[in-house]
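Undergrad: Here's the letter readout for the chains.
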Amino acid sequence: MTATDEIDIVKAEITRNALLSAAQEMNDTLVRSAYNPLIFDVKDFGLGIMSAKGELWAEAPGLPVFIGVLPASVRAGIAKFGQDGFREGDVLIANSPYQTGTHISDTAVYMPVFYQGELVAFTGSMAHWADIGGMSPGGWTVDSTEIYQEGVRFTHQRLYLAGQPNRDVLELIEDNVRVSRIVMGDLHAQIATCRTGAERVIALCERYGADEVTRLMDYVVRQTEQALRAEVRSLPDGTYSASVRLDFNGVDHDEVPVIAVQTTIDGDRVKVTFDGTSGVSAGPINCGAEATASGVAQALKGILDPVGPNNNAHLSLAEIEFPAEPSLVSPVDPAPCDSYGYVMTALVETLQYALADIAPERGRAGSYQMWAEYIMSTTSRSARHYVMAEPVQGGSGAFPGHDGKSLIFSGDGDTWNVPVEVMETRYPVHCEQFALDETSAGAGEFRGGMGVRRDIRVLDAHSMIKTALENTVDLLSKGMHGGLTGTGSYTRLVFPGGEVRLQRERIGDHPVPQGTLVGIRTGGGGGFGDPLDRDPARVARDVRDEYVTPEAALELYGVKVVPGSLPGLWDVDDAATTQIRRQRKNGSPQSEQETTP
Amino acid sequence: MTTAEKWRLAVDVGGTFIDYILLDESDGSVHVEKQAAKAATLVDEFVGGMRRLPAKPGDISRFIHGTTVALNTLVQERGALTGLITTQGFRDVLELGRGGRAEIYNFRYQPARPLVDRYLRREIPGRMGPDGTELVPLELSRVDSEVDYLLAHGATAIAICLLHSYVNPDHEQRIADRIRARHPEIAVSVSSELVREWREYERTSTTVINAFTQPLFANYARSIDERMRAEGLTNPIAFMRSNGGVMPITSAADRPVETLGSGPAGGVIGAHTLMAQAGYRNVVCADVGGTTYDVALIQDGEIVERADTIVAGRPIMGSVIDIVSVGAGGGSIASIDPVTASLKVGPESAGAQPGPACFGIGGTKPTVTDAQVILGLLDPDRFLGKRMVLDRALAEQAITGHLGTARTVSDYAAGIMAVAQANMANAIRQITTQRGLDPRDFVMLSYGGGGGLFAAGVCEELGVHTVLVPQAAAGFSAWGMLTADYREDSTITSVTDVAHGQLPGIVDNYAKLREEATAALVGYGFASAQLELGYSADVRFLGQEHTITTPLEPDWLADGAAALPAALQQRFVERHRQRYGHGEDDAEIQIVTFRCRAIAPVAKPVSRGRYAEVPAVAVASRPIWFPEGGWHDEVPVYERDALSATDRIEGPAVIDEWTTTVVVPPRWTALLDELGNLVLTFEEESK
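Quick note, the sequences are listed as chains A and B, same order.
Residues in the first sequence are numbered from 77 upward in steps of one, following this note's numbering.
Residues in the second sequence are numbered from 4 upward in steps of one, following this note's numbering.
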């Protein structure tokens, strides 16, 4: 390797920016030409440009889940064929969780980029397909016990052979997925995305030469690693442990899967181990090793370098030691993996919470884990086939100076909700409210973000629902430094006869009568700091805005409010508040000791 | 227009200065005036600057006003205490937004705060369905008590946005009528009067921003109008809007949200006019300022627009010129990136204060301007027509102090220019290749204070071989405002399959839109026969979400639009293929949004060239560094005013005028065209 001082830092910057700009162009191509709302609305995809060895050079912001799994998928292809096993114009496909890390619905499509006959890079995207042919329409099977039930598996087959479509494979896909028109439309969008990126990489090679582009990006990645290691060095040495119990694996209520993770900071090194993590689960919550590594990288990036561009240095920073035997975070064929996201999100939240304490400028209290629901009708009896799927935002954790907000869970990045006006036009449903759930937030000097109430009435007969929600015994939305924990997510079903059922466990492909009201209640975020330290004027404004009731102001925050000059306005009874707070603080000296992770 | 009314005036109120551009229509000559301004005394200073102009207000035929008053009100969050009336169950839509985290790895990501606090967001029972049928009747009686509540709490503006009002505005309209009848003094903003497109959060945001900025803006507009009347102005004042058109004061006072993006619009409008006169149909418009580089496109003779934009973290719906802005300009600061250890330029800017190091007014960090001084691209003794002397030694100190001594100062300076130009080129790639267009099929018009310094370099980067620098490039945006037409856009979202059974509905939609758009212009006093109409549709393949705005020929709507399905299909598929590389000929398509644009064209000033009688001779020479060949010792310097019609200046050379410097690198030649533009052309290397 050439010494640093021989690197042209101008060319390095131009190359780095050109690749970022190329990744952005790939993003535009995919978003604007996809057929599937999971891609164009939910942005359930990741894309990037990788070196000839499969190291990440540049990505466009998609789902953080995909931070590392796309380069890992490409490396698995290289391992299969060898670096000289690709031809110009090949396009490959892979989705096997034991190689790609996530679930089978996330399909990687990538292409080798050649310049003057030499392999210089790979461009690719990984996107959640509308269907992958498994037992549950749209994927995210909740009760599979083997991968064979989850859909069609690809292990680096060629969709294009040296520029020519491989019709056998394309037809095989078309014949084995539901809504094949949408799936094939998305597949073509993914192929176009690869080509957009490839053109930009080739243009860059024409400018600087292929070897120089690689040398420059090696330099950028190496420098990034040094900068990240300097950040690590600024953290106190030690081992930071955390664990979380999951509530249900989808098939067996007696199993209590555990994720236990230890992060050791030692000088400029980070080591992550999983001692105490459960073995492979009988249900589909297993998280492929590459997705586990990706979750570790996401948490570290958020703590060390939250807004800088992402490259391979972020992915390779942590030394990860998986359990000796296959496990919940490193399953092997044919373990079911279709709802891996519970483990993945729990891992990211748990890691960030453990590190937030030692990185006071970057972390926050815990957030709700996740939510997504499907409302659909796909049986032969239905008058109209539809699959509506959407993730729903919830409470994000507070941090010093700021209350938490209502945002999509950390695993889902810049995913957006579906506008009610679009939803009601597109699907036979009627949304009756979309509001903040005031009861959900963890109190604190800075309050946790609120979950939401989103009530959707099912208008068509023969519809069924499926939910993916909070899947832990121990809530992830933990408060910090005396802040309280936010509530968990649940479903509130109201049947046409008036019967109400609260469902904290997730629901799989469950038929519901026409007219059922599906009440979505996402969890709140954790608070930061002792609620008794919240500025009383701020509490009075919270009461005015109906974020907090006068009773809760007293009970949780020790603030006595009295009606103000106008209806809806409230004043603080200063004397009473001072007294109440003093009494409470004296009465419960242990209230500040809930902070140790 | 009487013979005395020969003046056309554009006044552009920015953050710190008011710019006046006065055009003498009898000979095309332009007078420029500048006035420092403070927010508190803006109107007085506005009039003060006016009085120094050679034109009497009574002799002004057209008065165009561009202002950032509404934009500043929003960005500084100092608008009216605003109340929101919305559908029962949905008062939190404004706060919930879309739930995304734009910084995906940032655990502390914070969206912009809602402009209306929750206690001022009031719900009214009543509900429309997605097809516009009434599902729950409106409880109009609740409106009075909710409005009384808002007024009691001090609200001076009210926004109304109900679900599905883009299909059926009846409930919104009845609420608005009720409030306007009872409280004529209150500013009321109604979503369906501003935009007729779906997505409730974005529409609510747009309506709330309008309400939030309206009282202050309306007050400002009224004051300007009254003071100008008192000064003797008889013709109406027209306000610049984000779509590149203008609107009369009455509309502007009701719809300030439509002025938010008007700032950089003037230059693009001017480019559209000038390049049409010069005969170019595909143009990259590049505005080079001190802090940002703003680029826009003219494709097939039409300005490329977008249907929504984000200002200060909040979405706004409505047609705007699609302008991409990157943090690259003269003031952009160079540094070694702490993470990647590469040479970064921008987006941080030294601005006017503390300024580039070479200004000697406090700035110590190296900027693009400092690099240009070191490379000889700027003459330290002739900056801004010798109004300012730049300090080369300070520029060098800034570079060695902040970037190091591993390389020579000129190497670093050359690097700063290369990175800045590459960033500019990426912005242009983003708006061209993203649409499936090749930048090499475009010419560039480069304007703004730095327009001539970067033009050729950025073009080389992109493979663009022709670049034009207009006269008075620094003031080109204001000149552009003088060419703006009155324009109304009307739109409606109505998801419609393009099938023969739907044709009556399609024809009907366009008829309604045409009526709306023309009624507004007729209301401003234009005869309907004068108006030019344009139709387009946002089209997608069935099952897709994102659409492509596809223009319709007016004759496709004739005979019950019998020709429309085939013609629209063909044009849409062509555009889809151009942009994405795929698109099936016979896949079903849908129209999502119908659009109609009415224009009342105004006479355009024609730019006139001024030429010296005799061939130009170099007035000086200096050493300048170019990527090709490094230092050139004796690069000739010409005065732009001294160029004759037949001069052909071979690079390397520099052409100076008092507000800008045009650099002609090796292998480029420069000459004046018939309109007075400086045209730079790149010669391919002969093999």
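Hints in this document: simulated from the structure, not taken from any laboratory.
Quantities reported herein were computed from a predicted structural model and do not represent experimental measurements.
You may find that some hints are simply not true.
Okay, the calculated beta carbon distance ranges per label pair [said to hold, decoys possible]: (1) B/Ser328 with A/Glu575: 54 to 62 Å; (2) A/Glu575 with B/Gln79: 24 to 32 Å; (3) A/Asp244 with B/Asp588: 38 to 46 Å; (4) A/Pro589 with B/Glu556: 44 to 52 Å.
Beta carbons are placed, not taken as given, at the ideal position from N, Cα and C, and that holds for glycine.
Undergrad: Evaluate each hint against the coordinates.
TA: Cross-check of the supplied hints:
no. : hint                               : in the structure
1   : B/Ser328 with A/Glu575: 54 to 62 Å : holds, 56 Å
2   : A/Glu575 with B/Gln79: 24 to 32 Å  : violated, 53 Å
3   : A/Asp244 with B/Asp588: 38 to 46 Å : violated, 25 Å
4   : A/Pro589 with B/Glu556: 44 to 52 Å : holds, 51 Å
Figure legend: structure checked against the earlier numbered hints; hints not met, in rising order: 2, 3.
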